[in-house]
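First to last, the protein sequences are chains A and B.
Just so we're aligned, residue -18 is where the first sequence starts under the working numbering, counting upward by one.
Just so we're aligned, residue 243 is where the second sequence starts under the working numbering, counting upward by one.
Source of the hints: derived by calculation from the structure; they are not laboratory data.
Ideal placement from N, C-alpha and C gives every residue a C-beta, glycine not left out.
Any given hint could be a false lead.
[What the hints assert, rightly or not] Distance condition first, Cα-Cα at most 27 Å in a straight line; then the derived DSSO-like pairs of lysine-lysine: (1) A:Lys378 with B:Lys434; (2) A:Lys57 with B:Lys502; (3) A:Lys327 with B:Lys276; (4) A:Lys119 with A:Lys57; (5) A:Lys352 with B:Lys443.
[To be verified] Just so you have them, the derived chain A footprint on chain B, three or more residues with Cβ under 8 Å: (6) 299 to 306; (7) 484 to 493; (8) 505 to 517.
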Amino acid sequence: MADLRVEHLTYAYPGNGKPVLSNIQFTIHQGETVLFTGASGCGKTTLALALAGMIPKRIMGHLRGSIFYGDLCITKERPYRIARQISIVFQNTQHSLFHYDVETEIAFGPENLGLKKEQIAARVQEALIAMDIESLRKRSVSSLSPGEKQKVALASALAMHCDVLILDEPSCDLDTVSFEKTMKGIRKMQQERQMTVLIFEHKLDQVIEFVDRVLLMDKGHIVLDESVRNAFHNETLFTARGVLVPDMVKLSRRLPAVFGQSIALSVQEAFDALNDSSWHRKIQKLHTQTIQDYRQEVDSGYPVCCTNQSIDTFRHLHAAFSEHSFDLVAGDRLAIIGSNGVGKSKLASMLAGLDDRACESKGNAWISQSKIGYLPQDIDSLFLQNTVRDELMWSLKQSQTREGSEQEAIDHMLSLIDLAQQVRISPHSLSFGQRKRLALGLVMMPNPDVLIFDEPLTGLDFGHVASFFRFLHDLHRSRASTMLMISHDMKAVATYAKTVAVLHEGHVLVQGDPNFVFSKSRELQLARLIPPPIARLYNMLTGDTHVKTVVTFEALLSLFV
Amino acid sequence: MLYFFLSFTVMFIFLFSLVFAYFSRQIGFDAWQKLIRYEEICSPLHRLDPRIKLLFPLIVTVSVIFEKGVFALLMVLFQSIIWSYLKKDQRRTLALGWFFLTQILVMTWIGTIIQYGIDHVFFASSYSIFHAILLGFILSFKISAITSSVLLLWLTTTPAEIIWSLTRFRIPSIFGLAIMIVLRFLPQLIEKIAVLPTVLKMRGMTDVFPTWQGWRSYPKMLRAWFWWIPVLFVTLTTRSVQATVQLAMIADAHAYGSRKTSERIYDHAVTATDRLVFFMMAVILIGVFATVFLIG
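Isolated chain A, as found in the complex (with noise of 0.2 Å):
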């Protein structure tokens, strides 16, 4: 156990003079859980790679400065030799097991340990545990969902009991409660072993509470470097780099009254501050008169659930989801949530008329026709075009309702996937976050009537989820375009959906607006799903008398002020 020591690290890749990283320094003492945050881009996964000594063995490219673990200097030591000390979990794990089944990758690392047979099986049983996927123990590695291939990828990381542990957005693919019980998890052992862990993500809400040290990187610069007590003092470092500050340590700051000069990092924390506090007596004074109001709209005909307008699309659902079925009201823009391996990527595809068992026919003549535009989990399947200005050029290709010049389209969605700078550069040369922006960029150039989107805000930082919404809410305006987005990123959901379906084991739970269904505790907990920390925090301060809730911070300060 020692040290992690980064000096004046500077790395460009391979064709391009311009450094990712720039002059990098700082040293990680051990046991700490440091997070590095930052706009995508910004060289997190790049760091990630080189402390994990994948950088410059396996990636080539101009290196200079040196990064040591203790007296081994990982810039120059064999990767394989790095990893009986430094683990990493890679960012897409969907292409990142070895082995057949779960079983023998999780046991792939210890092997190579040398340890004996016996204790490999106690280090494969110890992160089946771990993780919560002993039920997964025996299934092939191609049968699993993104999110349990996450869960396999973490596990297989946590059984060769390493001194370091990197982590590269590991809340990528898991649902909420399976990333709350990792981060718990992972939380245990570190404190049993002394355990560093580097936590690479800009989504905060979630993590921030595991952590003891933040690191916010911009271009490739560490701006900041502060204890996760102390880092938020001026919120306008993190939002002006597409970094939004969890909500628990905004509302800390923004009640000095409750909250002193302390912050709160989690929900818990935040409740414990404001219990029995005249705000809170407020807030459930609120609570009883909206309740109040709330019935009195439902009795007058108020549209908790949709259920009129179904576009033709979504009767196919039908024949999959036999006993329980859902609507897509023209125009609307639902969410559909769900734990882990519930089925939800599955439907994506059915309802883009990708599988053959649900919709074939109907499928096939709806794309042909560019209505409609689906975005899978996997995008790398997606590139096909040497540069992404080619890549933007084709998909403009296929669209039939184009309007002015092809230039003007394509500089136009440059901007808005904010890709201008990268336009002769290959698909496979940006960083994940990039690669989701742009194929983003080409499920949207046709101008579809239907928007399917797997996971689209995964990889995508604060700046450009807004961008993102703000460009789906005009083009709705404009074209009246219907969206359905599978996303585990709560907050997004509760933010930028109209309607919010709940899938569990093949059917739907609950429906409804975001503020219903996010009141719904015990809906949520049976689907494995966590609310918003937002509405968390309401249903905590409101007690059990859930109908409706609050999902967004500026609605929960606007009770408060």
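Go by the hints and put chain B onto chain A.
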């Protein structure tokens, strides 16, 4: 040179791609994935010592290179029996049949061009066209015997079994990783080709594969294919290379090669069947070499 260029480009890269696409559309592109994926069934072949399965393609390759063609023909027949025994999926059988038919046609054509063309143009040889076709035919059987043995390895052996075999053979991890990467490269490429129609659908294209009814769109479709084939080939190959590099990174991240000897959670106890099969393989190998070097 023009003769070679036209024969090769027009006949194979262009025409065969179209025929390949047409047939693939009929059986479904994902049928190709069935040829390169491990199939979890309980057959005697699956239960066989993985070392034997790993050695088998090697022995077949070495043997068919040295002998004149009879062994290759016998190997194709022998492996056909194994394939028919493993016949579980009709689409896989169709894909397999089409794969070998195409391979035999292509390799016969190439063999004929090389034998007949080169000999006549450069050496003014008196090879008859019949003789050249025969040689092309033998070449096709040799290649088929090798590819079939590799397909059988993919179908019946998991990565864990291959790594166990490499550990038992005491092959250094650097070579072990190289073998794993070689064994994974082609499946990666085929996986990417197999999902291509779905990707094209997602990208808004459905009229890229020929149908008899849609003959009016043939010129447009042919033009598109002419441009796409090289672009798609480069893209898919690049992505397969990237995927295999990533595979090396994953192996590194799991410390593969950090210790010289290690125990594996997968283990295989040698059985009487294993010994018998190993003995038969040794006899075959010795028999082939004895035939080649002693009899001539």
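Check: Which of the stated hints cannot be reconciled with the structure, identified by number in ascending sequence?
Finding: 4 and 6
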